[in-house]
Each structure stands twice: as C-alpha cells, then as structure tokens.
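Chains as they are written, first to last, in the working numbering: chain A, 1240 to 1374; chain B, 1240 to 1374; chain C, 1240 to 1374; chain D, 1240 to 1374; chain E, 1240 to 1374; chain F, 1240 to 1374.
Hints in this document: simulated from the structure, not taken from any laboratory. Do not rely on the hints blindly, as some may be mistaken.
One copy or two, either will do: identical chains are not told apart, so a pair holds if it fits within one copy or between any two.
Derived pair list, reagent style DSBU-like, types lysine-lysine, alpha-carbon separation capped at 30 angstroms [unchecked claim]:
{"hint": "1", "residue 1": "Lys1304", "residue 2": "Lys1355"}
{"hint": "2", "residue 1": "Lys1306", "residue 2": "Lys1355"}
{"hint": "3", "residue 1": "Lys1316", "residue 2": "Lys1372"}
There are 6 protein chains.
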Amino acid sequence: MIYVTRRAHFSAAHRLFNPAFSESKNIEVFDKCANPNGHGHNYYVDVTIAGEPDPSTGYVIDLKKLKRIIEDEFISKVDHKNLNVDVDFLRGVIPTAENIAMACWRRLAPHISEGKLFSVRIYETEKNFVEYKGE
Amino acid sequence: MIYVTRRAHFSAAHRLFNPAFSESKNIEVFDKCANPNGHGHNYYVDVTIAGEPDPSTGYVIDLKKLKRIIEDEFISKVDHKNLNVDVDFLRGVIPTAENIAMACWRRLAPHISEGKLFSVRIYETEKNFVEYKGE
Amino acid sequence: MIYVTRRAHFSAAHRLFNPAFSESKNIEVFDKCANPNGHGHNYYVDVTIAGEPDPSTGYVIDLKKLKRIIEDEFISKVDHKNLNVDVDFLRGVIPTAENIAMACWRRLAPHISEGKLFSVRIYETEKNFVEYKGE
Amino acid sequence: MIYVTRRAHFSAAHRLFNPAFSESKNIEVFDKCANPNGHGHNYYVDVTIAGEPDPSTGYVIDLKKLKRIIEDEFISKVDHKNLNVDVDFLRGVIPTAENIAMACWRRLAPHISEGKLFSVRIYETEKNFVEYKGE
Amino acid sequence: MIYVTRRAHFSAAHRLFNPAFSESKNIEVFDKCANPNGHGHNYYVDVTIAGEPDPSTGYVIDLKKLKRIIEDEFISKVDHKNLNVDVDFLRGVIPTAENIAMACWRRLAPHISEGKLFSVRIYETEKNFVEYKGE
Amino acid sequence: MIYVTRRAHFSAAHRLFNPAFSESKNIEVFDKCANPNGHGHNYYVDVTIAGEPDPSTGYVIDLKKLKRIIEDEFISKVDHKNLNVDVDFLRGVIPTAENIAMACWRRLAPHISEGKLFSVRIYETEKNFVEYKGE
Chain A
1240 MIYVTRRAHF
1250 SAAHRLFNPA
1260 FSESKNIEVF
1270 DKCANPNGHG
1280 HNYYVDVTIA
1290 GEPDPSTGYV
1300 IDLKKLKRII
1310 EDEFISKVDH
1320 KNLNVDVDFL
1330 RGVIPTAENI
1340 AMACWRRLAP
1350 HISEGKLFSV
1360 RIYETEKNFV
1370 EYKGE
Chain B
1240 MIYVTRRAHF
1250 SAAHRLFNPA
1260 FSESKNIEVF
1270 DKCANPNGHG
1280 HNYYVDVTIA
1290 GEPDPSTGYV
1300 IDLKKLKRII
1310 EDEFISKVDH
1320 KNLNVDVDFL
1330 RGVIPTAENI
1340 AMACWRRLAP
1350 HISEGKLFSV
1360 RIYETEKNFV
1370 EYKGE
Chain C
1240 MIYVTRRAHF
1250 SAAHRLFNPA
1260 FSESKNIEVF
1270 DKCANPNGHG
1280 HNYYVDVTIA
1290 GEPDPSTGYV
1300 IDLKKLKRII
1310 EDEFISKVDH
1320 KNLNVDVDFL
1330 RGVIPTAENI
1340 AMACWRRLAP
1350 HISEGKLFSV
1360 RIYETEKNFV
1370 EYKGE
Chain D
1240 MIYVTRRAHF
1250 SAAHRLFNPA
1260 FSESKNIEVF
1270 DKCANPNGHG
1280 HNYYVDVTIA
1290 GEPDPSTGYV
1300 IDLKKLKRII
1310 EDEFISKVDH
1320 KNLNVDVDFL
1330 RGVIPTAENI
1340 AMACWRRLAP
1350 HISEGKLFSV
1360 RIYETEKNFV
1370 EYKGE
Chain E
1240 MIYVTRRAHF
1250 SAAHRLFNPA
1260 FSESKNIEVF
1270 DKCANPNGHG
1280 HNYYVDVTIA
1290 GEPDPSTGYV
1300 IDLKKLKRII
1310 EDEFISKVDH
1320 KNLNVDVDFL
1330 RGVIPTAENI
1340 AMACWRRLAP
1350 HISEGKLFSV
1360 RIYETEKNFV
1370 EYKGE
Chain F
1240 MIYVTRRAHF
1250 SAAHRLFNPA
1260 FSESKNIEVF
1270 DKCANPNGHG
1280 HNYYVDVTIA
1290 GEPDPSTGYV
1300 IDLKKLKRII
1310 EDEFISKVDH
1320 KNLNVDVDFL
1330 RGVIPTAENI
1340 AMACWRRLAP
1350 HISEGKLFSV
1360 RIYETEKNFV
1370 EYKGE
C-alpha cells in the first residue's frame, strides 16, 4: 500500500457567520472572520490516494489524471471565487476549512477509480489546516 | 549600513476592476480577478529599514518597535478586511499588489525614526510579489 | 471526524546531557548537543485536535481558543527561555524533542474540551521532528 | 510511542518508461516524463522511526546514527545519479516515487535497531509526494 | 518605480562537464555534477520587471501576460528536458545555473514591452541560487 | 555580472544584553531577549558572491569551495554554540543579527578570491533577517 499525494492551490474570499445567530453572537464566535465584507486566503489542498502501484507503470494513480480531477471537480469551482456566494456545493454551509474539506471529499470521491481516496487536507494559512478521511 | 527586514502577515479579500471600464473590458484586463463577489489572499509584507546599528544595542531599529508600527499603521487596517470596501487609505485605488505596496509605504514612512524605510515587499501568492522603494 | 491543526512557534536554548553520565559519555552520546554553554532552536509546534464539526459553527474547535490554550499553557513557558533551567515542567528531563513533545501533550490535554487532543508535533529544525499521540 | 522523523535530500535524473510498451504507449502513459534524454528532481526523503524514548538519553534513536544510515544506505547511492542507469537496487524498476519509496524502505529496514522503521516519504516536487509504511 | 516578480518552475536533467577538459579534470572541477549519466533538479525561476504602474489597471505588467511569456519562451523549452541535449539555446554551453540565468534573460528580454526586465533568478536547490541583471 | 548565493545553517544560543546597562534598562531594551539563561535560534546564512562566470567552467565561484569556506571560517565556530561565550570573534559584541552579519562578512571576505563578496544575509527567524553589504 502506497499513499500518493497531489497538492493544488486556490485563492478565495469567505466570511464566517451563521444567519441563525444574532450579529453580536456572530462576532463573539467568529470575531474578525465575521467581517461583513469578507476576507480571503490562499488555500492549499493536499489530496491523498491509497493503493498498490500498478506493476506496468509504477503508479498508484497517474498524477496527471488526479491533477485533472482535482482541477475539474474542485479548484475550477472555488478559485478566485467568493465561497459564500459563488459555489453551489457550499450553499447553506459555513465555509470553514472543516466544511470545505468535507465538500472537497464529496466532490472527488466518485471520480477516483485507481486506488481509493484516503485523505483531503485543506491549509487555510501556514498555521491552520484540517484533514478529513471520510470517516 | 545594515538592512533589517521584518515580515508581517494579513488575510484579505479583494476584487480587481476599474469602474471606468466596461464589464467586458474589466474581464478582458483582470480576468478571474474581476469576479464580482471577490476572492482573497494570505498576504506577506516584508518591511526593510536601512541604517547603522546603534553601538549600545547592536540594533538598527528595535524590531519590537518596528513590529508595532507595522501592526498599528497597516496590518490592523487590512487584516480580515475587504480591500475594496473596508480600508480608507485604499479608497478609489484598484487594490493590486503594486498599489497596496505604495499605500503601505506611505502609511509607514512617517513613523520610522531609527534608520530609514528602504523597501516594502508584498507577496500576494508564493508566485507573485512586488517591491516598492519609494522612488 | 476532522483533524484540525494549529501551528505555534517558540525560540529557546537547550543543552543535551545526562548528569548520570561521565563527561566523555555525554560527548559520545550527545556530541555537539552537549556543548556546556548550550545552543538553541526555532521550534515549531503543531497541535492536532480530532472531533466532529459543530453544525452551528462549522468548527471542531475554535482556533482562537486553541491558540490561546497553546500560548498560555505551553509557549509562554518556553519561548525565549533556556529549557534546561527556566521551565518547571521540564525539570529533571533531558530536553530532547521527544521529551518536549510529551511534556507539551501533558500541559495541553487537560484544557481541550472540544474534540480531543490527537497529536503534538515538535519541529526542532527543518530536518528533525517528532510526533506524540498520547499512546 | 514517539514518531521521530529525519529529512534527507538528493538530486537525481530519471526517465519514466516501460520497455514492454510501444513508444506511443509510453508517451500516452508517461507524457513529458518519458522524454528519452530524461529530466530530474530535487528529492526530499522523510524517514520516520517509531519507538519509546530511552530514559537515559531521551532519544528514540540517535538522529546522528539515523542520518548516517540514510546517507550510507540510500542517499550516497542516488545523489547526483541517474536513477535508470546508476543505481543497482533500482535496476529493472520504473523509477516512480512509489518505487523509489519502496526501494528506500528495503535498504533502510535491516539497519534500524532502535525503534522500528515506520514510514518512508519521498517528495518528488513540492506538489507530489508518496508515503510507504511497509504494508 | 515598482519591481514585480513572477515565479515559474521546471524539472530538468543536466550534467556539468567541459569537453575540452580531460575526464579527471572534469571530475576535479565538477565532482559529482560530472556523473556521465547526469542528475537533475527542480528549478525555480523568479523573473522581475521594473516599471511604473499603469493608473488605469494598477499593474506594472499584467502577470497573466508575463506568465505566458515565461512559459512560451523558456519553461516549455526546458521543463522535463535534458539541458545538455534537448535545448537549442543551451547548445555548446555548460548548463550551470549562471549560464541558464543568462540564457533565460536573452529569451525573455525581447518580449517584455511593459516595464523593463530587471532580474532573472534561478534556484537550483534551496541552498544554491544565482541572479542576473543584464549587466 | 552574476550574483551567486549559497545558503548555510547553524543552531546557536544567545542572550541580548549590554553590561553597561542596568538590569531594568536591559529588560526595557531587549525584553524577552535579555532572559539571563539565554534562548536560541536556527539561523540561516545566505552568502552572495558577485562576478563574471569563468567561460571554461560556467561558474562565478565553485560552490563546493564557497561551501567549504563558509563552513570552515564561520559555521564551525558558531554551530551548536553559545554566541555570548563560545565564539572568539563575537567577544565583547552584543550578538544581534546585525552584529553577527558583520562578523560573518569579516570572517569570509579575506578568503573569497573568485568574484567578490557582495552580501551576507542572516535569518534569525522566518520573520526577522538582516543584510550587510560591506558598506
């Protein structure tokens, strides 16, 4: 079993707030992240596939193919976008790194046919990142 | 002469567009960066001071003091903000890295009394950065 | 289940030696790290919490809160300190990265009430790091 | 149980192709990586050892010793080499990161006597890496 | 005056040797870099343009345009190539970082029409890099 | 003219204080850095040589030779040392990054015979660095 990881990147705006909270509760919970006009990040996405290398190629999965899946199914929908407004699969979700990671997993999983999706990691900044393993 | 650099960080949303351009001209010029709902970045700011070290301290400038100036005069105004809407000293300016660097210089320069401000560098992503030296 | 990581940083001096060893045994085992006057590092600490995101916030744990716990319980005790002399919870312990990681875990664990502490990673240099998972 | 990681580095040329494939099949599968005259990378290798710290040293394994094993058994054989031609333990193997990681594991495992080898990670670029845990 | 930098990346094989030298002289001068079957690197290229921002765009140069020039004129010729064999503009040149930087400058300079080319930096590894400013 | 840079690394302890200052003045000026038992850093050193490439080698300076000079004249004296106590060429000097950079320059300059020493940069942390150009 080998774990193969491909890193991708996107830049996006977001705002953290819960419409069911009062304004002051939103500020108490989300602080600066609740700023009404939003802020943004350079996000990194690490997608890990687990599987056995194919003896005829030495690959668990062709990384060109994995790169294309990540690009088509996820990056192209979120890059240079506002995550609260522009992304249909994040509608109704508070766009925390946790929720982005789970949404990314759901977008990618049906398209991985060599090996299996093992982990999605989202880096929001150099100091904050989350990992989801589908459990 | 020694050049001393302090790095700071902020996360912000922005949108690149010129209200004097037509919508299609904005898209032609700014492409994905013109997305109406904005996007965002983790910005790094490198501020360089040039001067002679003070023999009694070995410092060109006390970095705690420089850190506080950068925080008070610049980072606190832009961190977790929307650069098109929330920042008075960027009003009427297209918030490209070039314009952010010049605005940062103008904010900091009056407060540097040990050594002199030599350069402001803004990293928008790992692949794009600009430098302004006040010339 | 989501794994959320927050990175913190401290700079400290340390010296590796075992007072029960002879001087030559200390040099044989710890080599340059046994230098009597000490040396030091910029340490990075990655603290990982595992849990379910709260549906009303999208957070496993509020990272501002986690940041404060790491700062209050660990960083403030070790930053700009000598790990052999200045830190009561390292008294009598050889301050290797292994021992620092276990001490950090014991400091943080009682304070994590959202999710559970999953891992503490200490980077001593870019080339050396250790991870402790409480097992 | 503590997981201790040491990072090493090498620069090497390689070419991905399967002599059992036709030329066009090689290009279809390996694309630019099949270029007949090869290309190359700066590889990073993270070797992780799992074990209990020795109470008399605070070490799971002496990193100087681990560094020497990695250097002698692996880095010295691959650094500034052509992985398709110059490395006897990669003979007959397509030098993908997957196959390099498994070969590295087999080279190192017999020499680890303090703790046990837990993982070998090979970074081919900043965006592509693989991990092998001997399973 | 603003200095705008765009970073690009390529992976390539090379071998350092001078055909006018004897084999032993090549080994004396170039050491491991003279290995007959070559080795390789992940190269980073930082291209800096100096100019005044256009008031209607806030750009010194459109980075999408600069990215395309770097890609078309340089990266596409060297990425996943052997620098001794596959690159016509490096023919007859020992492919040191110094010579690659000067060749890159000569490829790009005729295509820069907004601002002027100020510097080309080539990183061969994290520890070795060179800069050329056209002087 | 090409600028060639080699990066080196050392880990050291230091304490910032001026024996001519009172204890309270030292704390006022140097704050946490004045902690009596010291603290420490992983320092990076970037040494830049300016010169014309030798046409027979493509090198401004053989980096193996530069690496050896940096190692012999500087790194071996400061690595895993206490900069206040163990380093003769820092005796009587407050070991700020500024003073370390100037001391490093004076150690290296007499040994550079290919090209000329152009700059010494000392990174104390990722956020603080200084540069000295011999002026």
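Hints and how they fare:
1. Lys1304 - Lys1355: This pair counts as within: shortest intra-copy Cα distance 14 angstroms, inter-copy 35 angstroms.
2. Lys1306 - Lys1355: within (15 angstroms within a copy, 33 angstroms between copies)
3. Lys1316 - Lys1372: Cα proximity of Lys1316 and Lys1372: one copy only (21 angstroms, versus 34 angstroms across).
Taken one by one, the earlier hints all hold for this structure without exception.
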